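Protein chains: 2
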Amino acid sequence: MALSQPTHDSKAKFLDAALHVIRTKGYAATTIDDICESAGLTKGSFFHHFKGKQDLALAAAAHFSAKTDGAFANAAYRDLPNPINRLLGYVDLRQQLLRREIPEFTCLLGTMVQETYDSNPSIRKACDKGLSGHAALLEQDIADAMRRRKIDADWDAKSLALHIQAVIQGAFILAKSKNGSDVAFECLEHLKRYLKLLFNHAK
Amino acid sequence: MALSQPTHDSKAKFLDAALHVIRTKGYAATTIDDICESAGLTKGSFFHHFKGKQDLALAAAAHFSAKTDGAFANAAYRDLPNPINRLLGYVDLRQQLLRREIPEFTCLLGTMVQETYDSNPSIRKACDKGLSGHAALLEQDIADAMRRRKIDADWDAKSLALHIQAVIQGAFILAKSKNGSDVAFECLEHLKRYLKLLFNHAK
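For the protein sequence lines, the chains are H and Z, in the order given. Just so we're aligned, residue 545 is where the first sequence starts under our numbering, counting upward by one. Just so we're aligned, residue 545 is where the second sequence starts under our numbering, counting upward by one.
Read the hints as simulated data drawn from the structure, not as lab findings. Computed from a prediction, not measured in an experiment: that's the story for all the values here. Hints may be right or wrong, so weigh each one.
A pair holds if it fits inside one copy or across any two, identical chains being indistinguishable in the list.
[Unchecked claim] Here are the simulated BS3-like pairs of lysine-lysine, each with C-alpha atoms no more than 27 Å apart in a straight line:
no.: 1; residue 1: K587; residue 2: K722
no.: 2; residue 1: K702; residue 2: K669
no.: 3; residue 1: K555; residue 2: K702
no.: 4; residue 1: K673; residue 2: K611
no.: 5; residue 1: K595; residue 2: K694
no.: 6; residue 1: K736; residue 2: K597
Using the sequences and the hints, build the whole thing.
Right under this line is the structure:
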């Protein structure tokens, strides 16, 4: 066990470096040298863990999803009894995260799929898996909220969960274009307003 | 005049090629060779018109905005008397455009700023100019709709115009991740639902 620890640590360092570097400069512009420099590790170590940049990207997508999904699953708002408040709590936490630097709050998956959807089907599928999986975490709360409000709608829980993700992804793009997160915060205010109107929820 | 025509045509061909190639594979992965091949023109001709890839990107951003803003300004829904219907008409047209191929309906500006916001401030600013300028085209209709409904809100026309752009940008990312536009169509249905709820607009 003690012997395997350094290997494990270095793999985690490469994955965290991938999250930071790719979210800073995009997938295509990121080189293996950039990743090694950011991780503070050698190219020999990199190729011990990964076959190449695509292999790293696929592992980084899974690492990013596990980290993000875990953070939201364990957040305090999950204990709120009203499913509508849990949905609003999810968006509130997204807004809190906007206080960080842009590469720390934006989405690895949205960033990578934006460039690679056509040229790299493996990365596209990994991004879709992570994005769809994260959206699915909201579906139960949405379904519960719909039942609570006896909503018989021409939309379903899945489509609203994906819409919430779309607003977040688009808010990140506007934050990047304005080099600041105020605009993203306001977009998420509109998203909360939509959820409150949809579920006839008191302010 | 006749002599300048070919020059003009070739510049337009490079710009249209940039729109297609960058929206297909992203900015960093696009080479000047890709652009020349897509335009069916030589590298000599390219460097007659542009100093390099960044210069092309800046001109392509302006070209994209002029084309897109012009198409929406001249669309039939602009003649609708009710400003709320004009806003819904804008989103309807966005939904109609989703029938095209992904590189034809997605946004050059959102694609480029996603990767370059940190590494290339000139491109970031050009993308912000185009995205903010396009959003501003919706502000008058939103302000008119707010007056019509006597809405005294804790949000303003500008923030809603930017939110609309965020939903569209995020919907494009989901379309790329799923390699199809159905999910984007549904996101824009949610956007229309929000606008109707916000302005208390009959279905």
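Outcome of the hint check:
For a Cα distance limit of 27 Å, the shortest separation of K587 from K722 qualifies neither inside one copy, at 35 Å, nor across copies, at 34 Å. Proximity of K702 and K669 under a CA criterion of 27 Å is satisfied intra-copy only: 19 Å inside one chain copy versus 35 Å between copies. Proximity of K555 and K702 under a CA criterion of 27 Å is satisfied in neither setting, with 34 Å inside one chain copy and 45 Å between copies. Within a single copy, K673 and K611 get their C-alpha atoms as close as 14 Å, which meets the 27 Å cut-off; across copies the closest is 34 Å, which misses it.
Taking CA atoms no more than 27 Å apart as the test, K595 paired with K694 passes in neither setting, with 52 Å inside one copy and 61 Å between copies. Taking the shortest Cα distances, K736 and K597 never come within 27 Å of each other, neither inside one copy (38 Å) nor across copies (40 Å).
The structure is inconsistent with the numbered hints 1, 3, 5 and 6, although it conforms to all the rest.
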